[in-house]
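A.B. asks: Respectively, the protein sequence lines represent chains A and B.
Add 811 to the 1-based position in the first sequence for my numbering, that's all there is to it.
Add 682 to the 1-based position in the second sequence for my numbering, that's all there is to it.
Hints are computed from structural coordinates only; laboratory data are not their basis.
One or more of the hints may lead you astray.
[Said to hold, decoys possible] For the chain A half of the interface with chain B, some residues (derived, Cβ under 7 Å), not all of them: (1) Thr884; (2) Leu885; (3) Gly919; (4) Val921; (5) Leu928; (6) Leu931.
[What the hints assert, rightly or not] Here are the simulated lysine-lysine pairs, DSSO-like style, with alpha carbons at most 30 Å apart: (7) A:Lys935 x B:Lys717; (8) B:Lys750 x B:Lys692; (9) B:Lys717 x A:Lys872.
Using N, Cα and C, we set each Cβ at its ideal position, and we do this for glycine too.
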Amino acid sequence: MRVLEKSGKTVDDAIKASLEELGVTVDQVDIEIIDEGSKGLFGFGSRDAKVRVTLKYDAEKEVKKFLKDIIRTLKLNVDFLIYYSELESTMKIEFFGANVGFIIGHRGDVLDSLQYLCYLVANKERTDDKLIHVVIDAENYREKREMTLRNLAERMAKKAVSLHKNVVLEPMAPYERKIIHEALQNNPSVETYSIGEDPHRKVVIALKK
Amino acid sequence: MSELVEIIAKALVDNPDKVEVKEVEGEQSIIIELKVAPEDMGKVIGKQGRIAKAIRTVVKAAASKEHKRVMVEII
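Modelling step: build the complete structure from the supplied sequences, incorporating the hints.
C.D. replies: Structure, rendered in structure tokens:
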């Protein structure tokens, strides 16, 4: 975090000088007045005002730079848009372009990793508990994956019923397991639970007794 | 590939100037050694190695694009 201390004839002068030096506007910094300054008496004992200006951490800017650097290094033909809501503490990033397949990776493993890394970058200087929630998507992958998982859940539930056997799905990420649990929570003939430890935790579709 | 590791590591740590990345080319694979300030170790490893795993996933994907095998070691 960049911190700057500056003096001026008045507090306003000192703030103005700091902003000029940092090349930012007043909403991008935190200002602390160290010394109000004093005009003195008849020109004697005058003291300059002093302020300390701290550049605020701009989560959106940092994440944008982070992803741009990665894209440039890997020479990927992709671009992205960031929708950041400071009020709701959410950041949604959407990728598009010829190489989105790379960004998604195998079953979304790269997408999930980038999402986690961006989450860390976005919340790097957060000391309060209002952490920014980051979601990365590319060509509606998340929505499509959810549909696929819902279909899988239904199919496997039918299989469990027809074979009269519990069906164990392959290991999945927490939010993917959640989709399976939710898809079958109102199913009259099966119930679901998870076994094992992450990252090998998997959902079991069991017959209701 | 080492540039990618450097970008990611520098974005995560508190002391980016202390990040050192070395590439050791083997016969079949490339080993990338990542060194950070001791107090930043947690920032590149994470709970149960979650951050290290995310870094490795991205690097592995990037390497396979160039038909290479890359291992990232944090030392």
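A.B. asks: Among all the numbered hints in the text so far, which are the ones the structure does not match?
C.D. replies: Violated: hint 3 alone.
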